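Top to bottom, those sequences are chains W and R. The opening position of the first sequence corresponds to residue 1 in the numbering used here, with each subsequent residue numbered one higher. The opening position of the second sequence corresponds to residue 1 in the numbering used here, with each subsequent residue numbered one higher.
None of these hints come from the bench; they were simulated from the model. Please read these numbers as outputs of a predicted model, since none were measured by experiment. Virtual Cβ for every residue (Gly too), placed ideally from N, Cα, C. Hints should not be assumed to be uniformly reliable.
[Claimed, not checked] Chain W regions said to be covered by chain R (calculated; three or more residues, Cβ under 8 Å):
id, segment
1, 15-24
2, 37-43
3, 233-240
[To be verified] Residues on chain W that point at chain R, a partial pick, calculated with CB under 7 Å:
id, residue
4, D7
5, P8
6, A27
7, A28
8, A29
9, A31
10, P33
11, M34
12, V253
13, A266
[What the hints assert, rightly or not] Across the chosen pairs, the derived CB separations fall in these ranges:
id, chain 1, residue 1, chain 2, residue 2, range
14, W, P36, R, R190, 28 to 38 Å
15, W, E265, R, S68, 45 to 55 Å
16, W, Q40, R, T5, 18 to 28 Å
17, R, R88, W, P33, 19 to 29 Å
18, W, P16, R, P167, 15 to 25 Å
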Amino acid sequence: MSEDISDPGTTGAPLPPLDPELAAWFAAAPAPPMPPQVWQRIEGALAAQPPFTPSAEAPGTAAATAAAPVADLAAHREKRRSRVLPVLAGAAGVVLVGAVVIPAMRAGNAPTDVAPVGGGGSPASVVAEANPAEAPALSSTAAPMPHMMVSTGTDYASAQMPDQVAPLLATVGLTDAAAVATMTRSLPTDVAPVGDGGFTASAESLADCMGRLGMVSDGDAPLLVDRATYDGSDVGVVVSVESTPASPSDPVVLDVVVVGSECSEADVASAERFQVTVAP
Amino acid sequence: MSSATDAELLASHCSGDPQAFTELVKRHRDRLWAVALRTTGDPEEASDAVQDALISAYRRADQFRGESAVTTWLHRIVVNASLDRMRRRAVRPWVPLPQESGEDGSRAALIDDSALADPRDAIESRETAMEIQSALSELRPDQRAAIVLVDLEGYSVEEAARILECPEGTVKSRCFRGRAKLAQRLGHLRNPPREAPVRTQDHEAVKDDSGGSADRPGPDGGEQ
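So that you can see chain R by itself, here it is in the shape it has in the complex:
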């Protein structure tokens, strides 16, 4: 079973193999989780989104046509589930607070501490992670998803376009504009004071500061 390709596992699932789908998901769970976590910014939402997505994929397996990689298909479903949860949550947006990052709290789960040998690095990286997640949460969801896929998870623009089901120009535009906002928003990290004042939650959770025209698609799929 472990030597089977993703497509073979999916086919086995459709043929009634009760273990095949779980085996398939097990291979990609960490990357799917990372995308959902970065897109939603909340571990609870991410876990619900991934579960919803995978159950949907389990049931819709025969709708996979092989026009893209199985992982692309899975990522598409997870991203859509994550964005759907963000849309539903938009009526009462979550504003990340630094003090919410309790030791076992959900916010603390935004970073992989185990990858950092020095505890001081872990603390600083956790603070950085919180800053990044906070900044990401201020992006429009479509920009956030593009940034997460391309810049955080390393997908090519082409792959991200397939996952997001939009033109490559749209992905590039979303990344371009999202990066600009992140660079501005995270500028203070360039020279972080050791005793930085605690940021309050008076910033707007979702704020499009581009004057409104940024939402409209450009002529070749790009966004102005």
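With the rest of the complex left out, here is chain W:
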């Protein structure tokens, strides 16, 4: 073929035409269009982004956003401790109501033995498989595992919570109370780890975190965990059902906990909590 031709990169000659055989082989293997599920996932991730703001990233710092440094949430805690966020209306049937920031978590601190989880499925498991090829799925018998874990890359902002939760819920298909109920009834399936570190990177750290957040039984299993950033800090956004509705026609209230990515005792102590109501 072309091994005997001098490298055009060093001679300055034009790049020779592609060898006909190589061209034929390439032509015989056309790349497929983007699969619909990939586009759906990307579209959802883009929809979950806050509105573009030029000041959000100064030139030269944008590349760092994918791996925002872990920062202490305590600095944010004080300024928001007693703030009552406005009542907000969400999209796609999700109604966001009372959004009181509650620094403290539930009472339970230590993980206790619970029944094993695994099997079953979730209605949005495709979306939930953030990094299925990266590592074995997580499963644990130490604490309830979330039904799904995602990494939307959303930069949640305290000033825009909880309305930023609505796109997240829409992304994973939790657009109404029935969808929440369906996911709640399903057994938590094994979930893939997300992120390069933090509490979502291993079964043990995830179980520890769920325990610290007071989720100690299968009934406490969170609906999802989203690894993202919050005011620039690396966090996990843990969404769980606060109260099961009495009837299918009732709305369902979700707890949204924003906890530092390491989910240490300090992170849990400074975690922020919102409530979101999903319409029937």
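The hints should help you fit chain R onto chain W, whose structure is shown.
Okay, now just chain R, sitting in the frame of chain W:
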């Protein structure tokens, strides 16, 4: 909205139009996907790379200076995200296996079967696609990216140089050397036996057989 140019859509996004960026990306998603898929060789990695890239582009939209086409800028971000994932993956390289191409498996998504009317063509093309992807995966990432852009996706050397942010001579050199390796690696496709033995995975995933000197840039940006 649909009649707006790419640059106008990007400007609308920067002005707060919540739909503009998605509209822009929707126009180019298939080509961006193809580049990421060919560069990473893995649909899961490709989807993560494209998502990472597009979120980054969404946030960095005001950094687009108009010195190149919007598509060039988007491709640059996608290629960089793909190469970044390949670098991170280099510590445990993925070796493509023919038997991994399950019907709904991720490897099967490397080829567009719908473009082929005859099912036998689809099977043969899928095998060819797997061979090509396997061969591409053995190239150095920078050579792979150049080959993908120029020879598979049809970009000019000039366009590829803008996307890869390197001299045109470097693109030509990477294509030249990558082609030579591919021609050698894919030589058996010239007369494929009907019952070809299943290739095992004992080949090295990333092997530079050019004696080491091929990594060094040449005097005019070319690579020796």
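Of all the hints given earlier, name the ones this structure violates by number, lowest first.
The structure conflicts with hints 3, 6, 12 and 13, although it agrees with all the remaining ones.
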